[in-house]
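**Q** The residues making up each chain are set out below.
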Amino acid sequence: MVEKTRKSASQKYVYIVDGSRTPFLRATGVPGPFTASDLAVNAGRPLLARQSFEPAELDEVILGCVMPSPDEANIGRIAALRLGCGEKVPGWSVQRNCGSGMQSIDCGVQNILNGRSDLVLAGGTEAMSHAPLMFNQAFATWLGIYTYSRTPQDKLKQILKFRPGMLSPIIALLRGLTDPVVGLNMGQTAEVLAHRFGISRQAMDEYAVNSHLRLAAAHDAGRMNEIEVLYDANGKYYDHDNGVRRDSAVEKLAKLRPAFDRDFGQVTAGNSSQITDGAAWVILASDKAVKKHKLPVIGKIVDTNWAGLLPQQMGLGPVHAMTPIMKKHKLKIDDIDYWEINEAFAAQVLSCIEAWKESSYCRNELQSRSAFGEIPLEKLNVDGGAVALGHPVGTSGARIVLHLCHVLEQNKGKTAMASLCIGGGQGGAVLIER
Amino acid sequence: MEKKKYHHWKLETDDDNIVWCYIDVKNSSTNVLSSEVLDEFSDVIDTVSAQAPAGMIIASAKEKGFIAGADIKEFTTIEDEKDALTLLNRGHDAFSKLEALSFPTLALIKGFCLGGGLELALACDYRIALDDKNIRIGLPEVLLGIHPGFGGSMRLIRLVGPILGMQLMLQGRTLDARKAKSSGVVDYIVPERQFMKSGPIQIQRKPLPKRAPRHLNILNKLPFRQLLAKYLRHQLNKKIKQRHYPAPYKLIDVWEQYGDNEKAMLKAEALSVAKLANNKSSRNLVRVFLLQERLKENKHSDGFEPENVHVIGAGVMGGDIASWCALQGMQVGLQDREPKFIAPAIQRASKLYKRRLKHPRLIRGVMDRLLPDLNGYNLNKADVVIEAIVENVEIKKELFQDLESKLKDDTILATNTSSISLELLTDGLKDPARLVGIHFFNPVSRMQLVEIIYSAKTGKEWIERAQSFCCQIGRLPLPVKSSPGFLVNRILTPYLMEAMVLHEEGISAETIDKVAVDFGLPMGPVELADTVGLDICLSVAKNLAEKLELNIPQRLEDMVAKGMLGKKSGSGFYLYKNGEPQKQASQSSGIQHREIEDRLVLRILNECAACLREELVADADMLDAGMIFGTGFPPFLGGPLNYARSRGVKEISSRLDELKEKYGQRFTPDAHWEKLVEET
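If you read the sequences in order, they're chains D and F. Going letter by letter, the first sequence gives residues 0 to 433 in numbering that gives the first Met the number 0. Going letter by letter, the second sequence gives residues 0 to 679 in numbering that gives the first Met the number 0.
Treat the hints loosely; a few may be bogus.
Said to hold, decoys possible - Lysine-lysine pairs mimicking DSSO-like chemistry, simulated, CA-CA at most 27 angstroms apart:
hint, chain 1, residue 1, chain 2, residue 2
1, F, K132, F, K350
2, F, K229, F, K279
3, F, K429, D, K287
4, F, K546, F, K456
5, F, K266, D, K87
6, D, K293, F, K229
7, D, K235, F, K132
8, D, K291, F, K513
9, F, K279, D, K87
10, F, K513, D, K235
11, D, K291, F, K380
12, F, K132, F, K178
13, F, K480, F, K674
14, F, K229, F, K81
15, D, K290, F, K405
16, F, K339, D, K291
17, D, K293, F, K380
18, D, K235, F, K674
19, F, K274, F, K295
20, F, K380, F, K456
21, F, K513, F, K566
22, D, K290, F, K81
23, D, K290, F, K357
24, F, K339, F, K274
25, D, K235, F, K339
26, D, K411, D, K329
27, D, K235, F, K357
28, D, K235, F, K576
29, F, K72, F, K220
30, F, K407, D, K293
31, F, K405, D, K235
What the hints assert, rightly or not - Just a few of them, taken from the derived set where beta-carbon distance is under 7 angstroms, the chain F residues facing chain D:
hint, residue
32, E296
33, I345
34, Y376
Since the hints were made in silico from the structure, they are not lab data. Even glycine gets a Cβ: it sits at the ideal position worked out from N, Cα and C.
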């Protein structure tokens with residue numbers, strides 16, 4: 000162990016050697032065909048099958064997931080076993096809300112840097128369509144007392160206390176998307192930002208349309224070969240992100256009603272990310288593992304960072320997470336070839352751009368002397384984002400890191416930044432080089 | 000107490016004064032109840048009885064399995080009814096003594112507990128089974144043309160009542176652990192961690208031995224017994240015919256007559272089995288059982304234990320081969336050009352697993368092993384690669400040449416072709432010895448036989464490896480020399496063509512099929528052709544036409560041209576509604592019936608003779624096995640050549656001559672009949 004740690008002192012970077020994801024499947028109101036672990040397994044099987052090493056040679060499997068089902072406690076270990084890694088490969092799960100998929104990569108990176116691991120399968124999965132309906136507290140209490148009533152009289156008494164209202168369910172997904180500390184739902188935090196930076200409905204909708212068109216173009220040009228086809232038990236297969244709307248247009252989006260601040264708000268279902276199921280993985284490797292298994296490097300992780308901010312403004316998480324990395328590595332906006340800022344909401348991405356443009360924000364909130372400047376839209380989310388392909392919360396962080404590796408490869412780029420906002424008021428960022 | 004030495008049994012007394020009686024049949028990997036073993040057991044009971052212990056536990060000292068049943072090889076030595084009765088009475092006496100012991104007795108069961116083994120366990124007060132996936136418990140005697148003969152029929156009915164008891168025995172069904180418990184055949188199923196402890200605890204608890212609930216026992220009384228017997232016969236008639244398979248009917252007779260008198264039933268049961276055992280049907284079924292064992296021994300494994308299979312081509316055959324292999328524990332890659340070709344195969348796999356496994360966790364486990372593999376990632380990890388793509392020599396050759404360089408050195412390279420000679424495909428391979436045919440039949444999950452096709456170039460080690468692969472996925476491998484149509488399709492084709500000629504002569508499809516089914520075949524030739532698909536029949540027939548000098552009926556070509564392809568297109572010789580053929584009642588006189596039967600069956604037999612002459616398989620027994628497990632040729636007839644021998648080889652050959660006079664050259668007796676006549 001000691002020797003292993005000493006050796007790792009020379010380990011400066013962690014390499015991404017391969018990755019894959021499922022197509023992202025839009026939720027249709029009923030539980031989708033795949034559970035969170037099904038998605039993770041189906042994304043991971045072909046990925047592991049094409050490696051030059053055996054699954055059992057992995058040092059660990061780390062999986063981010065916000066809401067695994069009740070049968071998926073420690074979903075990371077479940078995925079490892081179902082993927083045929085064998086009983087000896089440890090598996091664990093991480094939860095940092097929308098940052099879970101990026102957190103798992105960061106955990107893998109840290110373990111490789113400190114010498115604990117050489118080869119890590121890290122990713123995220125989420126089956127949002129499977130989020131449960133739950134009994135409320137009143138019914139749970141009623142049922143508990145009924146079960147523990149010993150005599151028929153007691154049972155009868157309890158039966159008489161039953162009220163139909165007790166059966167109104169709790170929709171776990173809505174609760175999960177509401178900040179429990181400040182009481183705003185995620186859409187409302189986007190409204191807060193739109194107000195703060197004066198983002199218009201028109202700007203949001205234009206951004207959303209662009210996201211759809213970019214995703215459609217990426218699929219058409221065959222730039223989405225990170226996707227592994229899913230097959231269900233009913234003879235259907237899924238080979239693309241089916242949230243994409245090829246006919247998306249500003250006029251159409253303009254007709255939608257606000258979804259969160261229903262009366263006078265601007266954030267609609269059309270300019271927000273979609274409720275979606277999907278999983279993504281990357282394989283992380285040390286120098287040693289790359290040499291030993293002759294692995295092709297598709298990217299190297301230069302740095303990672305996490306930041307906190309007001310929960311009401313969680314959408315600005317990316318600028319708070321990215322700024323310290325930019326400063327530490329003395330990077331200017333132009334030094335980054337490609338950006339991914341996860342599109343939780345169009346308003347939120349646009350606000351991130353505005354925040355870095357605004358010198359007062361940069362001075363007061365980011366402790367910078369002047370404004371950073373403007374992230375050019377043509378370098379940001381070049382193949383569309385979560386508005387078009389959806390935001391399976393535990394997955395997106397892993398997806399944007401994986402996709403950036405492909406974007407760098409396809410465009411012969413050098414440096415890229417992946418970042419996302421996290422419900423509860425946090426941000427995460429990963430700096431990648433090729 | 001004096002210590003006796005037994006060959007097959009071992010006695011130990013523990014601290015609680017419980018006798019552990021282990022069965023460990025000498026020179027055998029499984030425990031079977033031969034007359035020698037039974038004789039010793041009788042003595043064991045006397046010894047233990049004299050000791051008057053607190054109880055007795057009967058368990059197996061073998062690693063796997065409790066008792067597999069009676070010794071089937073000994074069966075074949077039975078010469079007459081008297082012989083049989085002597086053997087049966089041995090069992091009866093021993094088990095009756097066991098049942099009469101004054102202290103509690105218990106059978107501790109792991110693995111298989113079948114036939115005589117279960118009959119022994121049923122004579123104990125209690126039965127406890129190890130809860131694992133290897134448990135098989137049942138009385139499958141009817142599959143050998145007899146019924147339980149060591150008191151099992153009476154004791155099983157006493158334990159679970161006549162409805163369930165009779166059903167289990169009539170169908171010869173075996174139960175897994177969960178069903179054995181829920182049906183009441185065993186008192187408990189317990190996990191390994193409590194297995195050995197559970198016996199003594201149950202003996203000390205000493206509850207009353209379980210019996211069928213009283214309301215079920217009413218059915219053992221008249222007139223209910225007669226009513227139930229009638230119903231049971233009716234159910235049997237839907238599936239089989241009494242003259243083909245008399246055993247289950249005899250079992251009903253015995254129970255109907257003596258169902259409320261235990262002693263009389265025991266006696267009648269033994270007499271009935273003694274008669275059945277000397278019946279042709281039973282002898283042939285025992286033969287089939289032994290043939291099956293021989294096919295399973297057909298592997299001379301050099302320790303080749305494949306774990307990973309890669310199937311290329313996800314059509315009906317390829318997809319079903321892949322899903323079957325995954326169900327049998329293999330890691331499987333299923334490759335095709337586009338997702339739309341793979342998706343239906345995954346759906347069929349999922350249906351199969353739902354039917355077979357039921358539990359979602361188990362289904363998911365198998366689905367996780369079946370990798371839809373568009374890009375062939377699994378290829379270089381595979382131990383067996385099976386090609387099941389379009390039947391085109393050039394495309395296949397190109398594929399094999401491409402595959403050859405990508406495989407591990409010891410990977411089997413196999414084709415599932417049903418019509419192309421192996422010789423044509425090995426062209427251009429660096430190592431032509433490597434390519435072997437592994438020919439599955441449709442539907443893969445139900446057809447036990449797999450033809451292992453080899454050419455003069457094929458290496459012996461690859462043939463053997465292919466055989467051991469088949470055994471590992473629970474199929475029966477039959478090595479067949481490469482030749483058009485191989486064995487099964489070649490023999491079936493003249494028979495199907497004859498059926499079509501009969502049909503053209505104006506005999507209704509219903510009549511033709513009825514004759515074949517009456518003969519004992521699982522399905523008539525016309526319906527079989529429809530089910531296989533007329534297009535496929537036509538292409539197989541064309542492929543064989545030259546070699547077998549077949550005249551392909553014009554009608555068949557016309558139907559295929561019109562898109563009438565049989566069941567899959569909704570119309571063929573029959574019309575199909577919801578996948579069921581719409582049949583009329585058939586009429587035929589007895590004489591006509593006999594004539595049709597001979598025209599159909601003798602074309603099978605004549606082609607069998609030709610295949611033997613060409614030495615396509617090792618010997619006549621292997622040919623019989625192939626036809627029984629590959630086409631469902633009536634097992635009670637013991638295979639086509641066994642049938643020919645029992646009818647008289649000479650008689651068959653002269654009957655062929657007669658038919659030739661009447662119907663033409665196609666009935667010309669094959670030259671091999673003369674040799675067969677000489678042999679007899």
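**Q** Taking the hints in turn, state whether each one holds.
**A** Here's how the hints hold up against the structure:
{"no.": "1", "hint": "K132/F <-> K350/F", "verdict": "holds, 21 angstroms"}
{"no.": "2", "hint": "K229/F <-> K279/F", "verdict": "holds, 26 angstroms"}
{"no.": "3", "hint": "K429/F <-> K287/D", "verdict": "violated, 37 angstroms"}
{"no.": "4", "hint": "K546/F <-> K456/F", "verdict": "holds, 22 angstroms"}
{"no.": "5", "hint": "K266/F <-> K87/D", "verdict": "violated, 59 angstroms"}
{"no.": "6", "hint": "K293/D <-> K229/F", "verdict": "violated, 73 angstroms"}
{"no.": "7", "hint": "K235/D <-> K132/F", "verdict": "violated, 32 angstroms"}
{"no.": "8", "hint": "K291/D <-> K513/F", "verdict": "violated, 68 angstroms"}
{"no.": "9", "hint": "K279/F <-> K87/D", "verdict": "violated, 57 angstroms"}
{"no.": "10", "hint": "K513/F <-> K235/D", "verdict": "violated, 40 angstroms"}
{"no.": "11", "hint": "K291/D <-> K380/F", "verdict": "holds, 19 angstroms"}
{"no.": "12", "hint": "K132/F <-> K178/F", "verdict": "holds, 12 angstroms"}
{"no.": "13", "hint": "K480/F <-> K674/F", "verdict": "holds, 21 angstroms"}
{"no.": "14", "hint": "K229/F <-> K81/F", "verdict": "violated, 31 angstroms"}
{"no.": "15", "hint": "K290/D <-> K405/F", "verdict": "holds, 23 angstroms"}
{"no.": "16", "hint": "K339/F <-> K291/D", "verdict": "violated, 38 angstroms"}
{"no.": "17", "hint": "K293/D <-> K380/F", "verdict": "holds, 17 angstroms"}
{"no.": "18", "hint": "K235/D <-> K674/F", "verdict": "violated, 57 angstroms"}
{"no.": "19", "hint": "K274/F <-> K295/F", "verdict": "violated, 30 angstroms"}
{"no.": "20", "hint": "K380/F <-> K456/F", "verdict": "holds, 26 angstroms"}
{"no.": "21", "hint": "K513/F <-> K566/F", "verdict": "holds, 18 angstroms"}
{"no.": "22", "hint": "K290/D <-> K81/F", "verdict": "violated, 78 angstroms"}
{"no.": "23", "hint": "K290/D <-> K357/F", "verdict": "violated, 46 angstroms"}
{"no.": "24", "hint": "K339/F <-> K274/F", "verdict": "violated, 58 angstroms"}
{"no.": "25", "hint": "K235/D <-> K339/F", "verdict": "holds, 8 angstroms"}
{"no.": "26", "hint": "K411/D <-> K329/D", "verdict": "holds, 22 angstroms"}
{"no.": "27", "hint": "K235/D <-> K357/F", "verdict": "holds, 21 angstroms"}
{"no.": "28", "hint": "K235/D <-> K576/F", "verdict": "holds, 26 angstroms"}
{"no.": "29", "hint": "K72/F <-> K220/F", "verdict": "violated, 38 angstroms"}
{"no.": "30", "hint": "K407/F <-> K293/D", "verdict": "holds, 19 angstroms"}
{"no.": "31", "hint": "K405/F <-> K235/D", "verdict": "violated, 31 angstroms"}
{"no.": "32", "hint": "E296", "verdict": "violated, 32 angstroms"}
{"no.": "33", "hint": "I345", "verdict": "holds, 4 angstroms"}
{"no.": "34", "hint": "Y376", "verdict": "holds, 4 angstroms"}
In this structure, the earlier hints numbered 3, 5, 6, 7, 8, 9, 10, 14, 16, 18, 19, 22, 23, 24, 29, 31 and 32 are contradicted, and the remaining ones agree with it.
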